[in-house]
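Keeping their order, the protein sequence lines are chains W and U. In this text, residue positions in the first sequence follow this note's numbering: the first is 79, and each later residue adds one. In this text, residue positions in the second sequence follow this note's numbering: the first is 160, and each later residue adds one.
Everything labelled a hint here was simulated from the structure, so no lab data went into it. Please note that the accuracy of each hint is not assured.
Stated by the list, open to error - Anything over 12 Å on all C-beta distances counts as not near chain W; from chain U, calculated:
| id | residue |
| --- | --- |
| 1 | Leu-170 |
| 2 | Ser-171 |
| 3 | Gln-173 |
| 4 | Asn-181 |
| 5 | Thr-185 |
| 6 | Arg-220 |
| 7 | Pro-241 |
| 8 | Gln-269 |
To be verified - The calculated label-pair distances, taken between Cβ atoms and stated as ranges, are:
| id | chain 1 | residue 1 | chain 2 | residue 2 | range |
| --- | --- | --- | --- | --- | --- |
| 9 | U | Lys-215 | W | Ala-150 | 25 to 33 Å |
| 10 | W | Glu-130 | U | Pro-238 | 23 to 31 Å |
| 11 | U | Pro-199 | W | Leu-104 | 32 to 40 Å |
| 12 | U | Asn-226 | W | Ser-167 | 37 to 45 Å |
From the three backbone atoms N, C-alpha and C, an ideal C-beta is built for every residue, glycine too.
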Amino acid sequence: GAVVSQHPSRVICKSGTSVKIECRSLDFQATTMFWYRQFPKQSLMLMATSNEGSKATYEQGVEKDKFLINHASLTLSTLTVTSAHPEDSSFYICSARQGGLAGGSITDTQYFGPGTRLTVL
Amino acid sequence: DQQVKQNSPSLSVQEGRISILNCDYTNSMFDYFLWYKKYPAEGPTFLISISSIKDKNEDGRFTVFLNKSAKHLSLHIVPSQPGDSAVYFCAASVSGTASKLTFGTGTRLQVTL
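For reference, chain W alone in the conformation it holds in the complex:
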């Protein structure tokens, strides 16, 4: 299957600092990438949709000025958590969308990165 990498895998930072997380599709081009957040023992919550060459689309309740998303190329999207606070501590996961045709049906699958554990002290 398609491979998506995420860097860093783990980051610890002080309150008030900014943290950048990178998401790369390694073996395919992704015009659309997604950023999720997962709290302990909960499902994945979509934060925003990142479109190559255009502004990201944020889900309701997600602060766009807090979570800056840049999708500068077809293989790279970045999420910057600005002025991080302890409540921003979470597991952040990106995914890249790959569409195609298989078995006569249109497929549209998101492949996920390994996630980034952010801890804000």
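Fit chain U to the supplied structure of chain W, relying on the hints for placement.
Same frame as chain W, now just chain U:
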């Protein structure tokens, strides 16, 4: 409003037997469904998907069944193996919405020896 529900938070199955994970949805606009497997502190791994034009899709030990009238899908794993122990999420999307996925709450599967 939880549009995709997995009502069983956990499931325990003996090695070699069939594992059946269930998922219900409420949004009739959903027309593409996926199952993901997830280990702690890792990203979800894609397993299998199904389009609403089909009612069954099979890939090796994994089969997904879709019952559109009941708004229900299930994932069958046969035979179950200890390495299948993980949290399984079903997800749904609507065509033309940039593939935004709505995830279920997950079912933790434990395959015992």
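Here is how each hint holds up against the structure:
1. Leu-170: The claim stands: Leu-170 of chain U keeps its Cβ more than 12 Å from every Cβ of chain W (closest is about 16 Å).
2. Ser-171: holds, 18 Å
3. Gln-173: holds, 25 Å
4. Asn-181: holds, 16 Å
5. Thr-185: holds, 15 Å
6. Arg-220: holds, 16 Å
7. Pro-241: Fine: 22 Å to the nearest Cβ keeps Pro-241 of chain U off the interface.
8. Gln-269: holds, 15 Å
9. U:Lys-215 with W:Ala-150: 25 to 33 Å: violated, 41 Å
10. W:Glu-130 with U:Pro-238: 23 to 31 Å: For Glu-130 of chain W and Pro-238 of chain U the Cβ distance comes to about 42 Å; the hint is violated.
11. U:Pro-199 with W:Leu-104: 32 to 40 Å: violated, 23 Å
12. U:Asn-226 with W:Ser-167: 37 to 45 Å: Roughly 40 Å apart at Cβ, these two residues keep to the hinted range, so it holds.
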